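Asker: The chain contents come next:
There are 2 protein chains.
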Amino acid sequence: MSTPSSLEELIEALRCLPGIGPKSAQRMAYHLLQRDRKGARRLADGMSHALEAIRHCSRCNTFTESDVCERCASTKRDASLLCVVETPVDMNMMEQTQAYNGLYYVIMGRLSPLDGVGPRELQLDRLLARACDGEVQEVILATNYTNEGEATAHYVSELLRSRGIKVTRIARGVPVGGELEYVDAGTLAQAMRERKNVEA
Amino acid sequence: MSTPSSLEELIEALRCLPGIGPKSAQRMAYHLLQRDRKGARRLADGMSHALEAIRHCSRCNTFTESDVCERCASTKRDASLLCVVETPVDMNMMEQTQAYNGLYYVIMGRLSPLDGVGPRELQLDRLLARACDGEVQEVILATNYTNEGEATAHYVSELLRSRGIKVTRIARGVPVGGELEYVDAGTLAQAMRERKNVEA
Ligand SMILES: [Zn+2]
Ligand SMILES: [Zn+2]
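Keeping their order, the protein sequence lines are chains A and B. Anchor point for the first sequence: position 148 equals 148 in full-length UniProt numbering, and the numbering is continuous, going up by one each time. Anchor point for the second sequence: position 45 equals 45 in full-length UniProt numbering, and the numbering is continuous, going up by one each time.
Just so you know, the hints here were simulated from the structure itself, not pulled from any lab data. Where hints are given, some of them may not hold.
[Unchecked claim] Now the stretches of chain B that chain A is said to cover, found in silico as 3 or more residues with beta-carbon under 8 Å:
id : segment
1  : 7-18
2  : 82-94
3  : 148-157
[Stated by the list, open to error] What the simulated footprint calls covered on chain B by chain A, stretch by stretch (three residues with Cβ under 8 Å from a Cβ of chain A suffice, anywhere in the stretch; the number is not a length):
id : segment
4  : 42-48
5  : 58-65
No experiment lies behind these values; they were computed from the predicted model shown. C-beta: ideal position from N, C-alpha, C; glycine also.
Working from the sequences, and respecting the hints, build out all of it.
Answerer: Written out as structure tokens, the structure reads:
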């Protein structure tokens with residue numbers, strides 16, 4: 001009797017947002033319906049549009065609206081270098097350093113056995129195929145220096161080196177336990193310059 | 001070159017949610033597109049549906065899908081009592097105490113001069129018209145015991161008493177500075193029972 005069903009459904013649907021519990025979802029729904037219907041309309045439409053338009057680049061796996069993203073399609077990048085990052089945010093961070101002009105592969109996650117995220121869930125075979133295209137001379141692992149990022153780097157390096165591919169890791173200029181997203185560009189540039197071979 | 005426009009629009013649109021800054025909005029967008037497209041679809045549809053379906057009850061001003069909400073349409077409630085609350089959440093809290101069987105009026109906000117929210121923005125003339133329907137014998141002010149809630153109660157009581165309507169205020173069992181939404185039902189029931197006349 002208290003809450004209309006369409007309002008209850010909206011509150012429940014808002015909980016798919018990461019970090020949003022029942023109280024926050026309720027507050028958001030009331031705010032949108034009472035104070036910002038225009039913003040809510042824009043959000044509903046923006047989400048629908050993004051769901052239709054956004055796919056993964058067939059080369060680097062990042063979000064894109066085309067089959068191949070602009071960066072992968074560019075002829076101005078050094079195609080012999082492939083930098084592996086966890087997320088599109090990390091890729092943007094790396095770009096901002098202007099210390100790198102190669103291409104990327106975005107894993108869209110990291111190994112996390114406790115959460116059931118293994119090599120299969122991350123489709124790491126796609127990364128392998130991309131790295132073995134014949135053009136790539138060096139794969140630079142730029143996953144986070146967290147436990148999970150380290151485990152991911154270790155797994156990927158084993159995978160690639162068994163195929164005879166040169167694998168490097170960005171230098172540990174990134175603070176131990178830190179995430180690329182929160183590191184300043186100078187530190188990240190240094191880490192890129194000081195990248196080193198991955199030893200067995 | 002970095003972020004597809006539909007993704008940028010989604011991130012920007014997510015910022016209409018209260019308490020969500022640029023970093024959170026980006027994280028939410030990536031999460032939805034990468035890990036929970038089904039949830040995102042449900043959210044976009046749920047929001048569209050709620051925007052179409054939800055309006056304000058013409059009697060009590062709460063969210064409803066009909067012209068008059070179920071509670072206002074019920075013949076089992078005591079129509080001589082009108083309890084004024086700030087939000088639908090507060091109304092639900094009051095209902096859960098089972099200490100009250102009258103009707104409600106939901107202001108959908110509170111006076112907040114600093115934010116430009118005055119009597120006109122809250123359409124308090126609608127509350128006045130509702131309270132003066134001839135059936136209402138007592139208006140019970142159950143706004144929060146915050147500064148803004150108190151100011152709202154004061155303003156409304158002046159408005160109604162000038163029309164000769166009996167106005168009471170729920171007892172200050174609610175902690176000073178506290179919000180109804182976070183008070184236990186027992187305290188709230190007590191505050192309802194011990195309501196007292198508003199003196200000049
Ligand atoms: Zn690409
Ligand atoms: Zn109603």
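Asker: Against each hint, give a clear statement of whether it holds in the structure.
Answerer: Each hint, compared with the structure:
Taking a C-beta to C-beta cut-off of 8 Å, the segment 7-18 of chain B contributes 9 residues in contact with chain A, enough for the three needed, and the coverage statement holds. Only residues whose beta carbon comes within less than 8 Å of a beta carbon in chain A count, and the segment 82-94 of chain B has 5; three or more means the coverage holds. Under a criterion of three residues with beta carbons nearer than 8 Å to beta carbons of chain A, the stated coverage of the segment 148-157 of chain B fails, only 0 such residues being counted. Residues of the segment 42-48 of chain B with a Cβ under 8 Å from some Cβ of chain A number 7, which satisfies the need for three, so the listed coverage holds.
Given a C-beta distance limit of less than 8 Å, the hint that chain A covers the segment 58-65 of chain B holds, as 3 residues qualify and 3 suffice.
When each numbered hint is compared with the structure, a violation occurs for hint 3 only.
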